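> In case you want the letters, here they are:
Number of protein chains: 2
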Amino acid sequence: VRGPSVAELLASYRDGSRSPSAHVATVLETVERRGDDGTWISVDAAAARRRAAELEATPGASDLPLYGVPFAVKDSIDVAGFATTLACPAYAYEPGGTAPAVQRLLDAGAICLGKTNLDQFATGLNGTRTPYTVPRSVFGDDLISGGSSSGSALAVALGEVPFAVATDTAGSGRVPPALNGVLGFKPSRGLLSTVGLVPACRSLDCLSLVAADVDDLRLVLGLMAGVDERDPWSRPRRRRADDPARLRVGLPDEAELSFFGDTAMADAHHAARTAVARAFSTLTPPLAPFLAAGELLYAGPWVAERLVEFGDFLDEHRADVLPVVEQIISGGARFSATDVFRAQYRLAELKAEVARLFETMDVLVLPSVGTTFTVPEVLADPVATNTVLGHYTHFGNLLDLCAVAVPAGTTEDGRPVSLMVLAPALDDDLVLGVAARLLDPLPA
Amino acid sequence: VRGPSVAELLASYRDGSRSPSAHVATVLETVERRGDDGTWISVDAAAARRRAAELEATPGASDLPLYGVPFAVKDSIDVAGFATTLACPAYAYEPGGTAPAVQRLLDAGAICLGKTNLDQFATGLNGTRTPYTVPRSVFGDDLISGGSSSGSALAVALGEVPFAVATDTAGSGRVPPALNGVLGFKPSRGLLSTVGLVPACRSLDCLSLVAADVDDLRLVLGLMAGVDERDPWSRPRRRRADDPARLRVGLPDEAELSFFGDTAMADAHHAARTAVARAFSTLTPPLAPFLAAGELLYAGPWVAERLVEFGDFLDEHRADVLPVVEQIISGGARFSATDVFRAQYRLAELKAEVARLFETMDVLVLPSVGTTFTVPEVLADPVATNTVLGHYTHFGNLLDLCAVAVPAGTTEDGRPVSLMVLAPALDDDLVLGVAARLLDPLPA
Numbered sequence: 002v003r004g005p006s007v008a009e010l011l012a013s014y015r016d017g018s019r020s021p022s023a024h025v026a027t028v029l030e031t032v033e034r035r036g037d038d039g040t041w042i043s044v045d046a047a048a049a050r051r052r053a054a055e056l057e058a059t060p061g062a063s064d065l066p067l068y069g070v071p072f073a074v075k076d077s078i079d080v081a082g083f084a085t086t087l088a089c090p091a092y093a094y095e096p097g098g099t100a101p102a103v104q105r106l107l108d109a110g111a112i113c114l115g116k117t118n119l120d121q122f123a124t125g126l127n128g129t130r131t132p133y134t135v136p137r138s139v140f141g142d143d144l145i146s147g148g149s150s151s152g153s154a155l156a157v158a159l160g161e162v163p164f165a166v167a168t169d170t171a172g173s174g175r176v177p178p179a180l181n182g183v184l185g186f187k188p189s190r191g192l193l194s195t196v197g198l199v200p201a202c203r204s205l206d207c208l209s210l211v212a213a214d215v216d217d218l219r220l221v222l223g224l225m226a227g228v229d230e231r232d233p234w235s236r237p238r239r240r241r242a243d244d245p246a247r248l249r250v251g252l253p254d255e256a257e258l259s260f261f262g263d264t265a266m267a268d269a270h271h272a273a274r275t276a277v278a279r280a281f282s283t284l285t286p287p288l289a290p291f292l293a294a295g296e297l298l299y300a301g302p303w304v305a306e307r308l309v310e311f312g313d314f315l316d317e318h319r320a321d322v323l324p325v326v327e328q329i330i331s332g333g334a335r336f337s338a339t340d341v342f343r344a345q346y347r348l349a350e351l352k353a354e355v356a357r358l359f360e361t362m363d364v365l366v367l368p369s370v371g372t373t374f375t376v377p378e379v380l381a382d383p384v385a386t387n388t389v390l391g392h393y394t395h396f397g398n399l400l401d402l403c404a405v406a407v408p409a410g411t412t413e414d415g416r417p418v419s420l421m422v423l424a425p426a427l428d429d430d431l432v433l434g435v436a437a438r439l440l441d442p443l444p445a
Numbered sequence: 002v003r004g005p006s007v008a009e010l011l012a013s014y015r016d017g018s019r020s021p022s023a024h025v026a027t028v029l030e031t032v033e034r035r036g037d038d039g040t041w042i043s044v045d046a047a048a049a050r051r052r053a054a055e056l057e058a059t060p061g062a063s064d065l066p067l068y069g070v071p072f073a074v075k076d077s078i079d080v081a082g083f084a085t086t087l088a089c090p091a092y093a094y095e096p097g098g099t100a101p102a103v104q105r106l107l108d109a110g111a112i113c114l115g116k117t118n119l120d121q122f123a124t125g126l127n128g129t130r131t132p133y134t135v136p137r138s139v140f141g142d143d144l145i146s147g148g149s150s151s152g153s154a155l156a157v158a159l160g161e162v163p164f165a166v167a168t169d170t171a172g173s174g175r176v177p178p179a180l181n182g183v184l185g186f187k188p189s190r191g192l193l194s195t196v197g198l199v200p201a202c203r204s205l206d207c208l209s210l211v212a213a214d215v216d217d218l219r220l221v222l223g224l225m226a227g228v229d230e231r232d233p234w235s236r237p238r239r240r241r242a243d244d245p246a247r248l249r250v251g252l253p254d255e256a257e258l259s260f261f262g263d264t265a266m267a268d269a270h271h272a273a274r275t276a277v278a279r280a281f282s283t284l285t286p287p288l289a290p291f292l293a294a295g296e297l298l299y300a301g302p303w304v305a306e307r308l309v310e311f312g313d314f315l316d317e318h319r320a321d322v323l324p325v326v327e328q329i330i331s332g333g334a335r336f337s338a339t340d341v342f343r344a345q346y347r348l349a350e351l352k353a354e355v356a357r358l359f360e361t362m363d364v365l366v367l368p369s370v371g372t373t374f375t376v377p378e379v380l381a382d383p384v385a386t387n388t389v390l391g392h393y394t395h396f397g398n399l400l401d402l403c404a405v406a407v408p409a410g411t412t413e414d415g416r417p418v419s420l421m422v423l424a425p426a427l428d429d430d431l432v433l434g435v436a437a438r439l440l441d442p443l444p445a
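Each protein sequence line maps, in turn, to chains A and B.
In the working numbering, each number is its position in the first sequence, counted from 1, plus 1.
In the working numbering, each number is its position in the second sequence, counted from 1, plus 1.
Since the hints were derived computationally from the structure, they do not count as laboratory data.
Don't take every hint at face value.
A pair counts as met if it fits within one copy or between any two copies, since identical chains are not told apart.
[Claimed, not checked] Below are the DMTMM-like pairs computed for lysine to aspartate or glutamate, each with C-alpha atoms no more than 20 Å apart in a straight line: (1) K352 / D268; (2) K352 / D321; (3) K352 / D401; (4) K352 / E33; (5) K352 / D340; (6) K352 / D263; (7) K352 / D382; (8) K352 / E230; (9) K352 / D414; (10) K352 / E317; (11) K352 / E9; (12) K352 / D108; (13) K352 / E30; (14) K352 / E296; (15) K352 / D216.
Note that this is a predicted model, so its numbers are computed, not measured.
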């Protein structure tokens with residue numbers, strides 16, 4: 002079920018085969034027909050119809066780069082007119098305005114349909130940690146959607162919107178796209194303003210994008226990116242147009258990869274790697290320093306950042322928070338200042354080691370996830386399954402990398418396969434270029 | 002009492018008016034004649050004489066850039082053949098080797114005379130926190146030497162060595178030179194390898210240099226700097242040769258400066274500023290974000306970094322540590338992980354604000370210290386006086402700046418005055434260029 006891309010929508014608006022109002026109406030019908038599938042927390046159908054009509058009535062609006070393009074926003078990011086819930090109704094508030102990065106999309110003519118489901122407080126990679134309907138992957142069979150940006154991935158995978166705004170701290174912007182057969186792009190931290198985002202780990206968070214088309218990612222990145230003085234981690238984009246064919250691609254020894262007993266996934270990844278090796282010049286970097294950084298994240302003191310944000314709320318509303326989420330966030334209290342500095346020293350060593358690896362390779366290609374889970378499997382063992390899901394994503398922001406999860410077919414038994422392309426911060430153009438080549442092995 | 006500069010020494014070796022052996026003998030006599038003045042913790046006269054003789058006997062050695070030049074090393078940095086004490090005899094150990102940045106000086110023909118006194122564990126800016134003899138400033142009248150690099154500043158100010166290796170975490174490499182009428186240069190963090198340095202705050206520490214001559218600083222920086230894979234904060238130097246006359250120099254409003262009731266110092270600083278304003282194009286940046294970062298350091302969780310390094314030692318040797326130092330370091334235990342992340346968020350905001358200020362100015366010029374103290378004054382109130390001494394230095398490493406303290410005459414009542422020139426990281430050439438112009442207002 003692939004929906005139209007931005008370019009296809011704009012072309013159809015131009016040739017009259019569609020109009021924003023008609024398209025919005027079609028999408029809203031689809032959403033309504035599906036009923037509550039756990040994708041959306043809030044949809045404002047009336048506002049979307051009104052906005053489409055206003056755009057159609059505004060002279061010159063049809064020249065806007067996202068004229069009449071519907072999109073979705075993860076419900077941890079403020080959009081005026083929608084409550085921000087973080088999938089915790091007791092936490093919900095009416096925002097005073099729209100996050101500036103999202104405002105840039107509205108200013109470009111896009112139409113926000115609503116806010117999407119997430120693992121509560123963006124704490125989770127599996128999609129089951131929500132008091133709303135628990136979403137399922139578009140691949141069916143009770144497969145989890147992945148999280149925390151579950152609804153944003155689904156809205157794209159279901160063809161309802163060409164792109165959705167999500168977030169990524171430990172993999173939240175890559176795991177759900179990987180489990181739903183779409184692209185999950187985590188730009189370099191600081192390119193997209195995080196003002197108006199309720200933080201998970203403020204030092205690691207970034208906005209991310211879900212789409213079905215690399216050109217849509219490029220277009221939306223270009224519109225959203227911009228230095229914001231109110232975001233202390235904000236930094237300017239760096240353009241880098243390399244010939245993808247000349248890139249040096251790191252593919253770690255398969256013996257270093259973990260598929261957690263999922264031989265079908267291992268086989269599918271092996272096939273996908275082989276295609277990568279045909280398209281690019283490759284080398285074999287060690288995976289250990291990346292995984293060591295990932296372990297620092299899920300076993301280390303960064304969870305205390307969640308306590309900084311939600312500690313006061315937890316103290317007053319403990320019963321309103323899902324037990325697994327409450328337990329994880331409260332765990333931040335066990336870490337001392339010396340624990341943080343010790344972990345940051347170790348991280349500095351790993352960052353230096355990884356920087357040296359990236360002197361000899363341009364991008365690293367890994368599985369996005371090592372295996373998949375069903376909803377009952379995750380509910381039976383919510384922490385261990387979640388850790389497995391983040392095996393290849395936990396280290397991304399800690400090591401200040403950019404990354405994109407790219408669909409790479411299915412396993413023999415029909416589950417989604419995804420490759421993740423990683424590069425040092427500010428090499429966003431590079432990972433998108435590799436993603437495009439992987440999706441279209443014979444570019445013009 | 003100014004000793005010969007490196008250039009003067011080398012010239013005298015070349016023209017035969019001095020030899021390394023003869024010069025070393027002269028210096029050792031001076032040191033011996035002064036007796037235990039608190040400058041040195043250890044001097045190995047025999048080794049220095051032997052080394053001078055060896056250099057003289059080595060063909061080609063006289064072409065080395067520091068041939069036969071004696072120098073001193075702060076006793077928190079390993080030099081083979083000398084115990085590393087950190088001014089705590091119970092902590093002392095025999096190092097397995099020489100810190101690589103110091104080894105580069107030895108490889109360049111320099112002669113390490115010995116290890117210099119410091120505030121214990123490099124914890125202090127005043128120079129009185131030592132179980133060895135408490136040093137005094139060369140300006141006399143019971144004036145403190147400043148710390149923690151007290152002995153390194155004195156060895157230069159007494160003319161015993163043309164340069165000394167020191168360290169700077171919160172001002173330890175700038176306050177003692179400021180109180181002894183010499184130059185204190187804190188390069189950008191990462192230019193000089195910190196391998197072989199016992200850390201104070203590992204995320205902030207850097208090696209620093211004391212000298213009486215800007216050209217000596219430039220020469221020694223050039224020899225010592227170099228990327229070291231064993232130092233995770235290591236980074237390469239950046240050359241920037243701007244015309245000092247065209248630099249935009251920030252001089253904050255004098256109403257924002259604090260002299261703690263020291264009107265003679267305020268007057269002297271006013272006169273020094275006036276000279277700066279005649280030599281450069283100036284502007285008036287706010288000082289508040291810099292001072293706010295400084296407050297984060299002395300009131301915030303970074304003290305826990307000292308506990309990371311010395312906590313185990315303190316647990317077993319509490320009675321062997323000076324009470325004021327023990328109290329400060331133990332204070333790190335009161336900070337939680339959330340305290341660290343909160344402080345780092347605030348620091349990120351201040352760093353962003355300061356980066357914007359440096360878009361409109363090249364360097365900032367401040368007093369190095371706002372006032373001076375006598376040894377009895379510091380002993381009577383060791384913490385408050387120390388905080389006053391760091392008023393203009395605490396923020397330097399937190400904000401990732403480079404800095405040099407430059408002698409600027411004396412107060413009416415004969416105490417040392419010093420200007421501090423600060424710039425963003427990697428603009429080391431810039432601050433040294435300004436220092437040179439301030440010392441020689443009519444350059445060729």
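> Check K352 against D216 for me: Cα-Cα at most 20 Å, and say if that holds within a copy, between copies, both or neither.
neither (31 Å within a copy, 35 Å between copies)
> Classify it for me, K352 with E317: is the Cα-Cα distance of at most 20 Å met within a copy, between copies, both or neither?
So K352 and E317 fail the 20 Å test inside a copy (38 Å) and across (34 Å) alike.
> My question is about K352 and D340: at a cut-off of 20 Å on alpha-carbon distance, are they close within one copy, between copies, both, or neither?
within (18 Å within a copy, 24 Å between copies)
> Could you place K352 and D382 in one of the four classes (within, between, both, neither) given a Cα distance threshold of 20 Å?
neither (32 Å within a copy, 42 Å between copies)
> When Cα atoms must be at most 20 Å apart, do K352 and D268 count as within-copy, between-copy, both, or neither?
So K352 and D268 fail the 20 Å test inside a copy (31 Å) and across (48 Å) alike.
> Regarding K352 and D321, is the shortest C-alpha distance of 20 Å or less found within a copy, between copies, in both, or in neither?
neither (38 Å within a copy, 37 Å between copies)
> At most 20 Å between CA atoms: does that hold for K352 and E9 within a copy, between copies, both, or neither?
neither (41 Å within a copy, 43 Å between copies)
> Evaluate K352 and E296 at a C-alpha cut-off of 20 Å and name the case that applies: within, between, both or neither.
Answer is within: at 14 Å inside a copy they meet the 20 Å cutoff, but 29 Å across does not.
> Checking K352 and D263: alpha-carbon separation at most 20 Å within a copy, between copies, both or neither?
Close neither inside one copy (30 Å) nor across copies (46 Å); limit 20 Å.
> Could you figure out if K352 and D108 sit no more than 20 Å apart (CA to CA) within one copy, between two copies, both or neither?
neither (38 Å within a copy, 30 Å between copies)
> Have a look at K352 and E30 and pick one of within, between, both or neither, based on CA distance no larger than 20 Å.
Answer is neither: 48 Å inside a copy and 49 Å across each miss the 20 Å cutoff.
> How do K352 and D401 come out at 20 Å by Cα distance, when the copy is not named: within, between, both, or neither?
So K352 and D401 pass the 20 Å test inside a copy (8 Å) and across (18 Å) alike.
Against the hints set out earlier in the document, violations occur for numbers 1, 2, 4, 6, 7, 9, 10, 11, 12, 13, 15.
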